[in-house]
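Working from the sequences, and respecting the hints, build out all of it.
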Amino acid sequence: MRKVKIRFPNGEVKEYIFEGEKSVLDLVGDPKGGFVARFNGKLFDLFVPIPEDADLIEILDFNDKDGKGVFWHSSAHILAQAVKRLYPFAKLTVGPPIENGFFYDIDFGGKTLTPEDLEEIERMAVKICEEDLEVSREELESEKAKEFFKSLGEDYKVELIEEFNLPKVSIYRQGEFVDLCKGPHIYRTGIVKSFKVLSVSSAYWKGDPKNPSLQRIYGISFPDPKMMEDYLKVLEEAKARDHRVLGRELDIFGFYEEAGAGFVFWHPNGAIVRSVIEDYWKREHIKAGYKLVYTPHLLSGKLWEISGHLNYYAKNMFVFEKDGQTYAVKPMNCPAHILIYKSKVRSYRDLPLRICELGTVYRDELSGVLHGLLRVRGFTQDDAHIFTTHEQIEDEVVNVLNLMKRILKRFGFEDFEVELSIWDPNRKEDYMGTEEMWENAINSLKNALEREGLNYTVEVGEAAFYGPKIDVKLKDALGRRWQCTTVQVDFNLPRRFSATYKGPDGKDHYAVMIHRAIFGSMERFMGILLEHYAGDLPLWLAPVQVRILPIKSEFNDYARKVANLLEEEGFRVEVDDRNERLNYKILDAEKHKIPYIFVIGKREVENGTVSVRKRKEGDKGSFKVEDIIKILKEEAFFQP
RNA sequence: GCCACCGUAGCUCAGUAGGCAGAGCGGCGGUUUCGUAAACCGCAGGUCGGCGGUUCGAGUCCGCCCGGUGGCUCCA
3 MRKVKIRFPN
13 GEVKEYIFEG
23 EKSVLDLVGD
33 PKGGFVARFN
43 GKLFDLFVPI
53 PEDADLIEIL
63 DFNDKDGKGV
73 FWHSSAHILA
83 QAVKRLYPFA
93 KLTVGPPIEN
103 GFFYDIDFGG
113 KTLTPEDLEE
123 IERMAVKICE
133 EDLEVSREEL
143 ESEKAKEFFK
153 SLGEDYKVEL
163 IEEFNLPKVS
173 IYRQGEFVDL
183 CKGPHIYRTG
193 IVKSFKVLSV
203 SSAYWKGDPK
213 NPSLQRIYGI
223 SFPDPKMMED
233 YLKVLEEAKA
243 RDHRVLGREL
253 DIFGFYEEAG
263 AGFVFWHPNG
273 AIVRSVIEDY
283 WKREHIKAGY
293 KLVYTPHLLS
303 GKLWEISGHL
313 NYYAKNMFVF
323 EKDGQTYAVK
333 PMNCPAHILI
343 YKSKVRSYRD
353 LPLRICELGT
363 VYRDELSGVL
373 HGLLRVRGFT
383 QDDAHIFTTH
393 EQIEDEVVNV
403 LNLMKRILKR
413 FGFEDFEVEL
423 SIWDPNRKED
433 YMGTEEMWEN
443 AINSLKNALE
453 REGLNYTVEV
463 GEAAFYGPKI
473 DVKLKDALGR
483 RWQCTTVQVD
493 FNLPRRFSAT
503 YKGPDGKDHY
513 AVMIHRAIFG
523 SMERFMGILL
533 EHYAGDLPLW
543 LAPVQVRILP
553 IKSEFNDYAR
563 KVANLLEEEG
573 FRVEVDDRNE
583 RLNYKILDAE
593 KHKIPYIFVI
603 GKREVENGTV
613 SVRKRKEGDK
623 GSFKVEDIIK
633 ILKEEAFFQP
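Position 309 of the first sequence, counted from 1, bears residue number 311 in the working numbering, the numbering being contiguous throughout.
You may find that some hints are simply not true.
Heads up, simulated SDA-like pairs for lysine to any residue below, C-alpha to C-alpha not over 20 Å straight-line [stated by the list, open to error]:
#1 618 <-> 586
#2 148 <-> 160
#3 70 <-> 225
#4 618 <-> 636
#5 235 <-> 225
Here are the in silico distance ranges between beta carbons for each label pair [said to hold, decoys possible]:
#6 251 <-> 620: 50 to 58 Å
#7 507 <-> 445: 18 to 26 Å
#8 629 <-> 408: 25 to 33 Å
#9 13 <-> 170: 34 to 42 Å
#10 154 <-> 3: 20 to 28 Å
#11 431 <-> 397: 26 to 34 Å
#12 453 <-> 178: 33 to 41 Å
Hints were generated in silico from the structure; no laboratory data involved. Backbone N, C-alpha and C define an ideal beta-carbon position, used for all residues, glycine too.
Structure, rendered in structure tokens:
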């Protein structure tokens, strides 16, 4: 006799008493929307015998993160089954769940799929869900499994089994379909109620260009068609927010074929927004004790030799020769800031020394990775380098994180995901510096994160060879995550450049450098902002804050007078005195996402008022000019 | 860089089968002077991404290059 408690997805817990081998399904009959089980953090199928030592088993549904992964993993199998029905010659490779959905990499022997092919695959996948096939699992000895998959022509599966090098492997079946898979899986294909094939692209087997090119088919699925609707809405919304489209519509920036790929031209509307952001950034940094500097864009090759960049970063650098001298356009600002640090003897009393710069850098990125403002070849980092002692690392990182929170909050970002990348303690020889330095730095970063109340995950072995780092992803209005802030400890460069300070002991010590950026780059941040706000920049950022619309040309003079009053108060204003109807002018102003529209007619001129229309809210009624200026100032964070 | 797809007016797009390059919006000119999301009439605007090839004839077919999109990889 065994006793086991089972928790259902709705939280309900029931106790079961049974004998012999039973599966969860055997016991509960109806898993109440759940489709996979977890015990002690381990997932297993509802249709396999309950593990020997299990006492409390959870049945998971789509709301659970693990459950979702299993659901999408099973969906990848359904996708593969659909493909095999339509293309029996196709060879399967791997098909994992991903953050939003799943994909399956499949070798079609050189065929590339068309949109029509995808539709057909989707129809077949939907059919497989409707067929409600039962899923089963079996274990095979590896040798037998190899033979089996060889007989099916699934060469990649054979290769995988060889790689696993395990005595046994598991395979899953549903209907006529078989796949090598660790599992677990949902117990029937009918649990998937909504299935969509999203896109196809190419990928190499194991990501290696020497290997055959595969078709990577992306899909998404849900246990409830309503969830699919919501998801597609978000996708649509994301598409409508595409910063590349908004950038053109709002005339923020442009790229020019004749200028080269990946080089951003900030148009006047974008430049003013950037300038507002930069002014704010500078003010906050100076307040936080940073020293603002400017350094050259072009530096001698000798400097990049000392820094090591010509050795390990050359393929990303624009390097050229002139009169027998090598020069490079800077891909990073750190060596330049080190020179300023070294311009005089530094005492421990000078530390921490915080040097900041909106530094424009150029990197020769692979052409295939360029993407709007989010990935370019020339960009301006909101960079800073903090020279500290080992003891000061913690406090300095607290300051950086605090500054980050304050600055990003201004843009409506308050939700962060933080990764702490540390060394792999089993490969100490791959890292520079002593164990003591590393332990101290890692603990400093951890303490700093805790002091700032930031939750984080630890990524072992993800640190650079020269020091641990913190990466922060911010969540935008659509819940998407963007990597922006980064804080990186560096033991290396101070040594390469002999960046030292005189300690209280009168001896020279190497400084520690902390590289950090809050936005990452102005270009990327602008792209993120556009998508985050869907182009509706808040008043303080909007390129044009107020547009004044005289109803008839006879009110143009009054409109200009109001514009002047606003301009004197520091607002960015336009008067639309074109010979058009009011409705048209409103349409045009709304199209440009201008936060405030002031309508001027006979009434307003007579009463010395403006009729205020606010974006997204509509007509707000009449205001005295000085009153509305007060209101706008407050909204735009003007200092009183 | 690699794989796949794409490139027609400032923007969005149509262009059948290789046979005179089109529309809407926008721009310009005129009429209209109008109260909260598109007044009317007219005009201009194109080396069809670039170069080469096939053809009597290329926006259309082929090759190379440039640029873009989605991935691989990389990263701010």
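Compare the structure with the hints numbered earlier in the document and write down the numbers of the violated ones, lowest to highest.
Going through the list in order, the structure violates hints 6, 10 and 12 and respects the others.
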